[in-house]
Amino acid sequence: MTTQSRKRPAVPKQALLAKAFHWVNIISLLLMMTSGLQIYNANPVFGGRAGWHFPDFFLLGGWLAGGRHWHFAMMWIFSLNLLLYGLYIFITRRWKRRFVSTSDIQVLQAGQNPKRKAYSWHRLVYTAIIPVLLLAIASGLSMYKPAQLHWLSGLFINWQILRTVHFITVPIVVLFAFVHSLLALKVGQIRLVKSMFT
Amino acid sequence: MQLTPSPRRLLTRRRLLQAGISGTGLLLGGCGTSLFSRQLNQVFEPVNQQVEEWMLRPQAPVPEYAVSAIEPDKLLINTFDFTPQIDPAAFQLTIDGAVERPQRLSLADLQAMPLTSMVIRHVCVEGWAAIVQWGGVRLQDLAALVQPRPEARYVYFESADGYYESWDLPSVLHPQTLMAYQKNGEPLPVQNGAPLRLAAPIKLGYKQSKWVTSITFTPQLMERQGYWEDRGYEWFAGL
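These protein sequences, in sequence, are chains A and B. End of the first sequence sits at 825 in the numbering used here; the numbers just go up one at a time, nothing left out. End of the second sequence sits at 724 in the numbering used here; the numbers just go up one at a time, nothing left out.
Hint data in this document are derived by calculation from the structure and do not stem from the laboratory.
Listed below are the simulated EDC-like cross-link pairs for lysine to aspartate or glutamate, each with C-alpha atoms no more than 20 Å apart in a straight line: (1) K742(A) to D731(A); (2) K772(A) to E530(B); (3) K772(A) to E538(B); (4) K772(A) to E549(B); (5) K772(A) to E611(B); (6) K772(A) to E714(B); (7) K744(A) to D731(A); (8) K559(B) to E611(B); (9) K559(B) to E671(B); (10) K559(B) to E549(B); (11) K772(A) to D653(B); (12) K813(A) to D731(A).
Under 8 Å between C-beta atoms, here's a sample of chain B residues computed to sit facing chain A: (13) L541; (14) P548; (15) P686; (16) I687; (17) G717.
All C-beta atoms in this analysis are idealised placements derived from N, C-alpha and C, irrespective of residue type, glycine included.
Looking at chain A on its own, in the form it has when it is part of the complex (with noise of 0.2 Å):
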């Protein structure tokens, strides 16, 4: 350690993919979600036409054609900016040191030092949305094609709990969010959060 990090913690670094994916996952999301709610309106989920629309403000695409054009194109930015990623951290075995592992488990149930468990926590939670997004994909593509790819809208029962879980990864994306936002500034404070960004 050099005198001058003693002074000021050192800004932590990120890869440039780790960053890359980070941006263009909460760009596509941001897009899939809203022109999703868009779409979402046609016909809500939850009590179909008579039921609660999500307003404007919330919607891409300016109507039903507009939304899906919007989501059928993001789709593929959000699903492969994913698949590069998963490939990235096999090849460079990331997932073994920067995802949750039985050590982080060990923290959380018997840790005293609430450093240390933050930290687990904020592992624990950034692995966690990465089979929600892979629902996401699934549960769309189910809707999408279902009658070509049977095999995997039938894993979801039925029509109604096909369209329900495709629509809550949204509203837990936006929890996700805000939770591994503020984990982030727990563990690292604003030079974590600034070290992902830039």
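Take the given structure of chain A and dock chain B to it, following the hints.
Here is chain B on its own, set in the frame of chain A:
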């Protein structure tokens, strides 16, 4: 104008992060984005269509449901204009275009052909779906009757209410693409397209024209592609 802070101060990185998701939603959710969605679609619709054509297994039937799974109340009625009243006794279906033997068929002619029944999921572009039984004549069998010429690649469907649709030939020749005259075991109700409508598990609901009066095989797709397609909806619309 000292009250307005400089944009530089307004948009510090910290503020940008704090504003987070809702701020971006405001920028993107504003008006004008529906215009942009058309340009976006010009790039992505051909890509998606390639994938949809590749995913379609033209002769593989989609698994069907049990009769007990039928959801009679879930099939909503969508019509772009009015409900035409057609006298079944006077009804004639014209099949022409790029075919060797154009035909005019009465309802009795159609009912004399082999009846195909299927219990499938009907999926609407709006997001709802219903399990329905449809009974009728396979387009495959009608094609065998009129013998499309080798250059035929698309099929146009004209309806009595002015609705129109066009399909790719492989989807038309799919074993579950029917000209249906039965719904849920009963004669097709007028609201659902009597006397004759398109029904298939492989296309979205708006492709499945009601009150069909003519079927035309064509070598090319014309500028006029379909009522909703011409207003911005996707043409292939495969499921």
